[in-house]
Amino acid sequence: MIAAALISTVRAAAGTRSGRRRLSPTLWTGATLVALVLLAAAISYVWTPYDPVVVDASSRLLGPSVAHWLGTDALGRDVFSRIIVGARTTMFVGVIAVGVGASLGIPLGVFAAMSGRFGSETIMRVVDIMLAFPALLLAILFSAVWGAGTLTAMLAIGIAVAPGFARLVRAGTLQVMSTEYVLAARVAGKSESIIAVRHVLPNITTMLIVQASVSYATAVLAEAGLSYLGLGTPPPTPSWGRILQEAQTVLFSDTLLSLWPAAAIAVAVLGFNLLGDGLRDRFDPQLDDRR
Amino acid sequence: MEATAERPLVEVRDVCRTFGRTPSKLRSRARQVFALGGVSLEIARGERFGVVGESGSGKSTLVRLVAGLDQPTSGAVYFDGQLVSGRKERHLGFLRRELQVVFQDPMSSLDPRMKTRQIIAEPLVATGKADSLNRVYELLDAVGLSRAAADRYPHQFSGGERQRISIARALAPSPSVLIADEAVSALDVSVRAQILNLLVDLVNDFSLTMIFVAHDLGVVRRVCDRVAVLHHGNLVEVGTAEQIYSDAAQPYTRELIAATPVLRHVMEGEGPADDLRLDKLNPAGARSGGSEE
Amino acid sequence: MVSPESQTASVNEVLRVEGMSVASSRHRLVHEIFFTLQRGDRVGLIGESGCGKSLTALSLLGLLPEGVRASGSAVFGESKLDLIGASEKQLAQLRGREIAMVFQEPMSALNPTMPVGKQVAEVLRIHRTVTNRKAADAEAVRLLDQVRLPDPARAARAYVHQLSGGQRQRVVLAMAMANRPSLLVCDEPTTALDVTVQAQMLELIAGGVTENDSSLLFITHDLAVVSNICQRVIVMYGGRAVESGDIEAVFRRPRHPYTHGLLAASDLSAVDEHGGLPTIPGSVPAAGQFPEGCVFRNRCQRADDACLSEPRLTAHEAGSVACWHPLLGNTA
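Chains as they are written, first to last, in the working numbering: chain A, 188 to 478; chain B, 5 to 297; chain C, 32 to 363.
Hints are computed from structural coordinates only; laboratory data are not their basis.
A few of these clues could be false.
Claimed, not checked - Straight-line C-alpha distance at most 20 Å; calculated DMTMM-like pairs for lysine to aspartate or glutamate:
| # | chain 1 | residue 1 | chain 2 | residue 2 |
| --- | --- | --- | --- | --- |
| 1 | C | 111 | C | 136 |
| 2 | C | 149 | C | 168 |
| 3 | B | 133 | B | 74 |
| 4 | B | 133 | A | 379 |
| 5 | B | 92 | A | 464 |
| 6 | C | 165 | C | 153 |
As the list claims (entries may be wrong) - Covered, in the sense of this in silico footprint (three residues per stretch, anywhere, with C-beta under 8 Å from a C-beta of chain A), are these stretches of chain B:
| # | segment |
| --- | --- |
| 7 | 215-221 |
| 8 | 245-251 |
Every residue gets a Cβ at the ideal spot worked out from N, C-alpha and C, and that includes glycine.
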C-alpha cells in the first residue's frame, strides 16, 4: 500500500496524470541539486581521485590544480575526494535521522489527532518539549551519556525533526477525519483504527513526502553543525562539517579551503528545501483535482 | 399520519444537542452553541420523511444523531425500538447494517485514494459480510453506472456520477433506511433531476424508508410524504408535504415558502401571492440582518 | 427593448460583446459569444457547471486564471474601450468604479482584518470618488444603510467574522455599488445564502441597479432566481450561447431543446411519462469532449445529420436560438 502510494506520488510529480501545471523551476532546481549530491555519494563508492584519509605532508595546502581539482587541506589530503566521500555521510545520516523523526513523529501525530481533547493536548505538549531542544543540545547531552558518534548524532537529529512530522500529521489527520468519506466509513461501521490506516495514511502521504524532504535539509545542516563541533562522525571519516572545522584554522591564509565544504552544505540544504517546496506546489492542485 | 399499531422505525425523543463547555463557576463566560433544542420526531417504516431547514437549523446535527455518529446532550434516539444514543460504537452494529447515509458533497464523500469498487464494498467489509465483486456490479447496475466504473478513481467521475457511487455504497449492506443528507444540493439542475428520480426508484424498488434532508422546500415537497421544518434547532412544524406547502400553520414556514423562488409562477405569469410577501408578513423583517449562519 | 442583434451603436450602450471566445492551452472553453447591454438592462447568463458562464464574466473584468485567454471584443462604456486586450492599468481603473463584480463567496472580497466600514470607504478613496477620509467614512455608513444593514454606524465598525453570510454579502454589494458602476456583474451571488436571505439580497441588487441606472449581468444556474430579477436571458451550454431573448418568452416558449430540458428539470412540479422528474438524457461532457457540430446533439432527441455542422445564433421575433430544429409553440 505504501509502495503504491509512493509510486503514484512519483508519477504524479512526473506529470503523467495531469499536465496542467507546468514543471516548476523550483522543483527541477531542487531535484537537480539533490541529484548532484546523490551522484557524488554514489561515485565515491566506486572511485575517488585520491584516498580521502591518507595524509601527505608534502602536498599540504595546495591550491586547485589539474592534479587536485579543489586543492589539498592542511594534512595534504585531496579536498575533492573528501568532499564527495563526505556526501555519503550527509546522505546516510539524513536518511536515518529523518527515518527516526518520522517513526517518532507520525504515530504521535496520529494518536494526538484521534485522542480526545485531553490526550491530544498532552501529546502535543510532549511534542513541544521535544521541539524545545535543538539538535545540537540533544547531541551534546547524548554524547555526554553515550559518547560522541554517528549514532548519537542521528538519534539527536531524529528527535529534533520529529515534532515537525507530529504537528503536520496531526493537522492532516484532523483534516481527513473531518471529510465526508470518513463519516461514511463510520456509518459503514468501520472502527477508528481501521479508518486511520485505510483512509488517513494514504491521504497524508504526499504531505509526508514533502515534510521528509524539508526535514532532510534540516538534518544535513544539523549534521554539519555537529561535525563542526566534533560531536558527529568521528575522524578520519570525512564529513562536511568536520572539513569545514579543519579549514577554520587556515581561514585567512587559505580561504578557499572553507569554501568547498560550505558550498557543498549549501547545495544540499538548498536542494532539499527547493525539492520540498516544488513537491508541495505540485501536489496541492492534485488534491483539488476535480472536473 | 396517526400513529399505527406498529412502532416507529426511527424515534427521536426530546433531543437536545449543545456544543461547547457548560458554564460553571470557573468558566462563566463559556460559549455554547445550541444546535438542537428539544426535538421529537417519529418516522414510520416505509415513510418518505423530509427535514427542511436553512443553515444553522440543526438538520445536519439531527442526521448525525439519528445515524449514531454523535451523542445528544439530552434526550434519546431509538431505532426499531433499540436505543441508539449513548451507546458505544461496538454496540451499534445493528444500526450500521440497517441505516446508511448519502452525503452532500460529491467531492469529499469519496476517498480520493480508493477505487470505486473498494468504496462501494466498504460497508460490507466493515460489517463482516462478503464483499464480492458481483455485489459491487449489482449495485453499479442499480445506480445506472457501467461495470467499468468499478476500477476507476473518484476524480474520474462527474459530480452526478459520484453521487451515484455514494448511493451504491449506501445500498451495499441492504439497509432498511436511507438518509439523504443534502444529497442533491451540490448538483446541477439536470443532474439533480436524474438523481432524485434514481433515489425515488430505489426507495420504491427496495421498499426503503427514506429521510430526506434539504434546505430546498420545493425538492422536499416533491419526494416526501411528510415534512418537518427546523429553525434554529427547534422543530417548527411537522405535517404532510401538501399541508405544509399550501396551508402552513407557522409564520416561519410561511416565510420559507414565500422566499423560495418558484419557476412555475413565472412561467404562468404570476409573482408570489400577495399575502405571502415578505414585507407584509413581518414589516420589521425587511430590515433584519438575515438568519444566522 | 433593443434586441441583442441590433447593429446600431447607441449612446445608451454599456457593453457590446462580439465574437468573444475564451480558451486555455488545451481547449476552447467559450465560443463566439455575442450580446449587448443597454443602460438599465438586466440580463441573466444561465447554464450548468462547465458551460462557460463564469469565464465569460471573468474575461470582461480581465480576471481570467493563468493560462486562459480571451479573444474577440467587448466594447465598454462611452469611451468604447475594448475590455479584451485592455492593459491591466486600464482595467484596474475601471474595476470597482465603472464595472463592479459580486462573487458567490463574500470572503473572497472581504478582508478579515479590517472593519467593513473601512473597506467600503477604501473603495471610495481608491477611485477618488470621495477623497476626504471623514467624508468617505460617512458615505460608507450611508451605503451600508442602503443595503439595509441594521444599525449601519455600528455595522461599519464590525469585523467580517462578526457578520453572518447574508450580511457579508450585503457589504460586498455596498462596495460594488459604492462608485455607481455602469455595469454590475454578479456571479452566483445568492447561491451560498439561505433562501430567506436570498430573497432580500435579490431585492437589494435589483434596487441598487435601478437606482444607479446600471446594467446588470447576472450569472446563475438557478432558473427560478434569474426569473425573479432579470428581463433578458442568455442560455449557455458547452461554451456557447444556445438561446437568448426576453425571459418570459424564453421560459414560457423555449425554442432550444436544451432550454426546454433545463426548464422541465427545474420545474419540481413537472412529471414525465414515468412519473418522475423530467430529465435531459446523458450528462454534460467534460471540457474538450463536446461533440463536433452542435454541442448538444449527443443528448438531443431531435438531432439528425444536419446537426453535424454547428448552428449559428439566428434571430426570430422574440429573441434568437442556435438550433437546426428549434421547438415552436408552447412548452406544455
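Of all the hints given earlier, name the ones this structure violates by number, lowest first.
Numbers 1, 3, 5, 7 and 8, in rising order.
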